[in-house]
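Asker: Sequence:
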Amino acid sequence: MKTLIRNGHIVTATDDYHADLFIDRGIIVYIGQDLQFLVPAADEVIDASGLLLLPGGVDVHTHLDMPFGGTTSSDDFFTGTRAAAFGGTTTIIDFAIQQRGHSVEEALDTWWAKAEGKANIDYGFHMILSEVNGETLAGMGRLVDQGITSFKLFTAYPGVFMSSDGEIFQALQKAGEIGALVAMHAENGSVIDVLVQQALAHGHTEPKYHAITRPPEAEAEATHRVIALAKMAHSPVYIVHLSAKEALDEVTVARDKGQAVFAETCPQYLFLDDSRYEEPDFGGAKYVMSPPLRSPDHATHLWRGLAGDDLQVVATDHCPFCMQDQKILGINNFAKIPNGAPGIETRVSLLYDAAIRLNRLSLNRFVEIMATMPAKLFGMFPQKGTIAVGSDADLVLFDPQATTTWGVNTAHMQVDYNPFEGYNAQGKVHMVFSRGEKIIANGQYLGRAGRGKFLKRKTFAAP
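In the UniProt record's numbering, the protein residues as written are 1 to 463.
Simulated pairs of lysine-lysine, DSS-like, Cα-Cα distance not exceeding 30 Å:
| hint | residue 1 | residue 2 |
| --- | --- | --- |
| 1 | Lys257 | Lys458 |
| 2 | Lys231 | Lys456 |
| 3 | Lys231 | Lys257 |
Distance ranges between label pairs, derived from CB positions:
| hint | residue 1 | residue 2 | range |
| --- | --- | --- | --- |
| 4 | Asn332 | Ser49 | 52 to 62 Å |
| 5 | Asn442 | Asp15 | 21 to 31 Å |
| 6 | Gln444 | Val194 | 43 to 53 Å |
| 7 | Ser190 | His18 | 47 to 57 Å |
| 8 | Ser295 | Asn333 | 22 to 32 Å |
| 9 | Ser164 | Glu44 | 55 to 65 Å |
| 10 | Asp309 | Glu177 | 19 to 29 Å |
In case anyone wonders, no lab produced these hints; they're calculated from the structure.
This one's a predicted model, so the numbers in the text were calculated from it and none came from an experiment.
Just so it is clear, CB atoms sit at the ideal spot from N, CA and C, and this is done for glycine as well.
All chains, full assembly: derive it from the sequences and hints.
Answerer: This is the structure in structure tokens:
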């Protein structure tokens with residue numbers, strides 16, 4: 001398909017202008033004023049008057065078809081990527097999980113099998129390292145050659161994912177040598193386990209104790225420690241799903257000193273707070289995620305971090321579990337509630353509303369945190385994350401005058417609740433292109449399972 005988009009209000013991380021745009025074979029080939037001479041060559045001409053023309057969203061933190069806590073996240077690579085497309089996201093990076101005693105290649109094969117034939121949009125993988133030894137360190141180098149250029153480790157979940165400081169240090173050293181980026185889940189898992197056992201011993205089983213036993217100080221301590229390990233290893237580091245102002249302070253101090261530290265936050269920490277855990281009839285379980293929701297003042301600091309570039313990315317940590325047959329597993333013990341919440345579809349809309357309507361960020365910064373910077377940090381720019389000649393035609397036509405009302409019945413995620421139920425967001429996704437193919441138009445899904453391509457990503461380069 002050759003498509004001409006006329007009268008577009010194009011917004012990137014650095015530019016804001018009106019122009020026409022021509023797509024051929026999935027690539028942006030012309031951007032310019034009054035490209036009427038291309039009308040005869042186009043299979044379709046779209047008038048974008050009154051609409052914003054944005055780069056497709058890039059979500060670098062999703063968990064589709066992921067085993068966790070005796071169950072599996074409720075969105076697979078078909079339903080999850082379809083929901084992402086409806087929400088204006090055209091690229092994701094999911095997490096493959098290396099099981100203890102198994103190779104990283106086995107994990108990659110497993111996740112390729114989950115995605116192939118199902119993904120509606122383009123995708124990549126991070127590799128979760130469940131153990132660090134000579135074989136996994138060697139495997140990191142082999143994966144980089146295959147375009148898996150980022151790895152995730154944990155200071156949380158003892159006995160499952162948690163790595164020792166020495167193991168994290170070795171992985172950071174190796175990443176620095178091979179041009180990879182380590183993403184860290186930073187909470188003090190050993191202390192959290194003690195707090196959890198103490199809470200249960202006192203009969204505290206309700207969902208709110210998930211948050212009480214994961215205090216901000218546990219996140220801040222682990223963030224400080226990880227940053228120190230990265231400095232000693234001479235390696236960049238990326239902190240995932242940062243939720244607490246104390247943890248943000250650690251990132252800010254390190255960045256002010258010139259250290260290559262990067263961090264993301266998520267919409268749930270920007271829009272929701274810990275009062276949600278008080279919802280009756282086990283309703284607080286909807287918001288059991290790690291890290292947990294914080295008191296409202298933390299969100300103020302997170303918005304400040306986004307405005308000042310101490311936080312570079314807003315991703316989702318999309319990891320949905322249904323209330324009816326999954327979250328309910330922890331009805332008598334908060335520690336058994338599967339951790340995670342849906343958000344892959346709502347991210348772009350919510351960010352636009354809060355950034356632009358509430359005047360927290362500029363249009364350019366909105367594009368930067370939802371598309372451009374994640375693409376840069378994870379080796380996909382300028383193929384993804386911007387609107388430029390030669391870039392993939394991943395585009396969102398966005399109506400800034402319309403309104404989106406979010407709820408379980410208006411979204412397409414495969415889950416029986418929506419954390420943002422009833423939220424009225426200014427702006428609405430009107431049309432979505434993935435590599436030049438129109439996959440969403442006027443609320444209709446036009447894509448097909450399996451059209452998404454695996455992205456072989458480049459090695460890390462500081463943006």
